[in-house]
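Residue-level listing of the chains:
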Amino acid sequence: MDIQGMLAVAILLPVVAAVLVFLIRQYQLRGLIVIVTAVALIVNSIYFLKLDLPMNFTPDNPIWGTIITVLDYAILLFYIYAGLSLKNWLVLIFALTQIIPLAWWEFGVGASHALEEIKPAFLIDNLAVLMVLVISIIGSLICVYAIRYMYDHEEHKKLEKSRQSRFLFWLVLFLGAMNGLVLADNLMWLYFFWEVTTLCCFQLIAHDLTKEAINNGARALWMNSIGGTAMVAAMIYLYNANGGNIEYLSLSNIIASGGVEAFLLLPVALMCFTGMIKAAQMPFQNWLLGAMVAPTPVSALLHSSTMVKAGVYLVIRLAPAFNPVLGMIVAVCGAFTFFAASVLAISQTTGKRVLAYSTIANLGLIIACAGLRTELAIAAAMLLIIFHAISKGLLFMCAGTIEHQIWSREIEDMEGLAEKAPLTTFITITGMLSMFLPPFGMLLGKWMALEAVYAVPLAAILFVLASAATMVFWAKWLGRLLQVTPKLGKKIESLSLSYSVPLWSLFVGIFVFGIGIAPLYDRFIKFAVDNVIPIQHAFTEGWQIILPDAATALSLEKGVGLLGSYPVLPLFIVFAIAIVLPLLFVKLKPQELRPIYLCGEHAGDVDTDEWYAEADNVSKLELGGYYFESAASEESLNAWVYVIAIALLVIMFSIALGVSL
Amino acid sequence: MNQVWIAIIAVVVAPFIGGLLAGIDRKLTARLQGRYGPPILQPFYDFFKLLGKSKIATNRTQFIWLIAYLVFMITCLVFLVLQQDLLLLVFLLGFAGISFVLAGFSTKSPYSHFGANRELMQILSYEPILLLFALAVYAQNGSFMISSIMENSTPLLISLWPVFIALVIALTIKMRKSPFDIATSHHGHQELVKGIMTEISGPYYALVTLTEWYELVLVLGLIALFWSNPLWVGILIALGAFILELLIDNVNARLTGGLMVRICWAAALILCVLNILYIYFMRGVA
Chain A
53 MDIQGMLAVA
63 ILLPVVAAVL
73 VFLIRQYQLR
83 GLIVIVTAVA
93 LIVNSIYFLK
103 LDLPMNFTPD
113 NPIWGTIITV
123 LDYAILLFYI
133 YAGLSLKNWL
143 VLIFALTQII
153 PLAWWEFGVG
163 ASHALEEIKP
173 AFLIDNLAVL
183 MVLVISIIGS
193 LICVYAIRYM
203 YDHEEHKKLE
213 KSRQSRFLFW
223 LVLFLGAMNG
233 LVLADNLMWL
243 YFFWEVTTLC
253 CFQLIAHDLT
263 KEAINNGARA
273 LWMNSIGGTA
283 MVAAMIYLYN
293 ANGGNIEYLS
303 LSNIIASGGV
313 EAFLLLPVAL
323 MCFTGMIKAA
333 QMPFQNWLLG
343 AMVAPTPVSA
353 LLHSSTMVKA
363 GVYLVIRLAP
373 AFNPVLGMIV
383 AVCGAFTFFA
393 ASVLAISQTT
403 GKRVLAYSTI
413 ANLGLIIACA
423 GLRTELAIAA
433 AMLLIIFHAI
443 SKGLLFMCAG
453 TIEHQIWSRE
463 IEDMEGLAEK
473 APLTTFITIT
483 GMLSMFLPPF
493 GMLLGKWMAL
503 EAVYAVPLAA
513 ILFVLASAAT
523 MVFWAKWLGR
533 LLQVTPKLGK
543 KIESLSLSYS
553 VPLWSLFVGI
563 FVFGIGIAPL
573 YDRFIKFAVD
583 NVIPIQHAFT
593 EGWQIILPDA
603 ATALSLEKGV
613 GLLGSYPVLP
623 LFIVFAIAIV
633 LPLLFVKLKP
643 QELRPIYLCG
653 EHAGDVDTDE
663 WYAEADNVSK
673 LELGGYYFES
683 AASEESLNAW
693 VYVIAIALLV
703 IMFSIALGVS
713 L
Chain B
646 MNQVWIAIIA
656 VVVAPFIGGL
666 LAGIDRKLTA
676 RLQGRYGPPI
686 LQPFYDFFKL
696 LGKSKIATNR
706 TQFIWLIAYL
716 VFMITCLVFL
726 VLQQDLLLLV
736 FLLGFAGISF
746 VLAGFSTKSP
756 YSHFGANREL
766 MQILSYEPIL
776 LLFALAVYAQ
786 NGSFMISSIM
796 ENSTPLLISL
806 WPVFIALVIA
816 LTIKMRKSPF
826 DIATSHHGHQ
836 ELVKGIMTEI
846 SGPYYALVTL
856 TEWYELVLVL
866 GLIALFWSNP
876 LWVGILIALG
886 AFILELLIDN
896 VNARLTGGLM
906 VRICWAAALI
916 LCVLNILYIY
926 FMRGVA
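The listed protein sequences derive, respectively, from chains A and B. Going left to right, the first sequence walks through residues 53 to 713 as the numbering used here numbers them. Going left to right, the second sequence walks through residues 646 to 931 as the numbering used here numbers them.
To be clear, the hints were calculated from the coordinates, so they are not data collected in a lab. Some hints could be false.
[As the list claims (entries may be wrong)] Across the chosen pairs, the derived CB separations fall in these ranges:
| id | chain 1 | residue 1 | chain 2 | residue 2 | range |
| --- | --- | --- | --- | --- | --- |
| 1 | A | 107 | B | 923 | 27 to 37 angstroms |
| 2 | A | 639 | B | 651 | 33 to 43 angstroms |
| 3 | A | 509 | B | 889 | 24 to 34 angstroms |
| 4 | A | 695 | B | 926 | 22 to 32 angstroms |
| 5 | B | 834 | A | 695 | 39 to 49 angstroms |
| 6 | B | 926 | A | 314 | 21 to 31 angstroms |
| 7 | B | 877 | A | 660 | 24 to 34 angstroms |
| 8 | A | 308 | B | 657 | 58 to 68 angstroms |
Built from N, CA and C at the ideal position, the CB exists for glycine as well.
Using the sequences provided together with the hints, build the complete structure.
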């Protein structure tokens, strides 16, 4: 297939499929279209690997540029309409701050003619392909999951008129927009796709049309519109400050400048800011936290492969155009978000909210890596993108599956789920372990990040504290799932195929990518890193991700020359011995079972969890999780978080302004 | 092949050293408290007696996590003797601790949960110190490999003494000594029900004891790294730190968990961070 066809499948096929899905009201047929689209997207994204990268492409027909301009204004006009009809002035204001400057620039200044000349439209390099793979594979699996999920969702809500078509429309469209976003090189096109993702996000969050859903959707809209405004400002500045030249309206030219052109620093900082908002960095974390009111496939999509990943993608892309000081401050901003979100996650009692804070924290880590701008840090960022997408996609789908079994999102209600829904819990626990247990990819990324962070001591400290907090909040949740009284649990589990296929696919993905990380790294990620920061020397030099025999031998031969090593395969063997084998072979005979120790007040034998309370009243034993409310609650910490986060942003812009003007 | 033998010998020998140290601990503590104390080999007698007890439990998952605790701890020790990546060792050690916490959470027992929550606070306290220790070693040596420490002829203690002090605080937590024996204690006078250990009995309690011996050897080994050339000085320093812990244990009472987290984070932030910054500063000047 040629590049034109592949781009069409990646970007336009989801659009066509979305329209079809919207029009078809029959459950089976609609599901079939989603599945076919998903398969096509996945196959197509794998074909991207066969291309001779990097390459670029501009459609011959100028009509595409016109269509994008028209749709740009259509979207912005819709935001104005949304702002007016919801009476949400923030939405209105930030829609106006985009549309007025844009119209003035294109038609008042008369830039629109020159803008059509920007080439290339698309730049396909390894980083872009990496993103396309993540979006197409994981995003598609989530769409498949959504088919059944939305059916159950509406059954439970007893809706009279099905709105599943509308939901799937925005969900599938999202994938197309994301693919466009990561492939675009022309800033005008990038901006267009950026706005489409914001629009999809708004529509999906507000989907249930409850008051809370609409409010949270509007919040996501106005916060991301601030980002859009910053992007418009950056584009106009790039055009005007360069004397009406379109040279720097293409991403690759900005990056090629390598942070040397002083006047470029301000627009780079503005676009970086746009990316940080989309990646829900502090102080803009609230839009992503609010997004959890939406049905779970939305959260899964926003958190794993789309939306927030667009934000970190842009920051990583722009990393070569930072100057050292800007890089440092971006690293500290990201590290601060990593730290603050990890600590706040400790006090959360809702499962999806813990997941959301964990996402924000990991995005902070990725952005911090982009700010560090060393080869190792950028490689860490890319590994984190891949593994976070897999694990978080899986975890949100698990959260949704659990929700449809117990009809609650509260961690306390998940008590003893290991007995009630063993399969779901097994997958969930594996997903959680993959977020912080040594052999898995996420920890590898974190390890690389920590080894790379030494250059910015402040970020290093924040990393360290955040790592400790991360362990605590995962362990607390795991503990609630695991708490079991044998013989008392009732099985409530039933998994339909539309649930289990995506769940098991990602489950397998965790292991396949985790174990196969060395070839993945050598054959692919290395080149993607090279796209961002040209590799001066083989950057794996001194940093080993090793296979069994080579491990110890190398460290002895090279001695001090070796900077760090992460023996992936031996660690997986350790994991198998430590957890998998005991899980398979450790058995407990019924006669070995005993009731718990309650100082002699336990009322009965192993088949009860009651005890003699005061005056020998038999009461049920109830235990709860501990959430550190006094130390880590949002009420006590948020004020500090906002002050520090805003201060960091002010410092960032002061530096950028100071250098640029 | 040489490497494999080193690993095997370490794994076999470490419990003997750990058990012996535990025996010394009990004897010395008894003397400090004016008691005669058990024989030095008492921990081994206890261990074998526990192994012979019948296997009873409140549920199965707990076993799995206890085995994971042991296996990860042994892996850490292997990493140490094979002179692997220090940062990765710290991450593994952290997860070993988490496995133990999950063992505590697995059973629906209030005492076990108390202990597990407190164990979590302990992890929250010492993990930053250990991670900063790894970063400080990197700042000093330019490598995360333990092998680089072993080859460096200048002892770490000279430039990293503040980190050493912080690590001694972490050692107090790891050895379950007062004032930081929050999750469970070795002394009867501290608690009537043994926290996170409440629901662990018989052979599995023996397993936990074994893991604690490995842990003791591992942490003392990390401390010995501060004077790695010649290593016997480092080992003496580690033994000195061990004796010091016993003294601290006997002159302190248990603190609250919150205070422990604060003290440890303060120690980590002040001692370790200043130490690291000082190294950077000196490098900049030079």
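> Hint numbers the structure violates, sorted upward?
Replying inline: Checked against the structure, the hints that fail are numbers 1 and 7, while the rest are satisfied.
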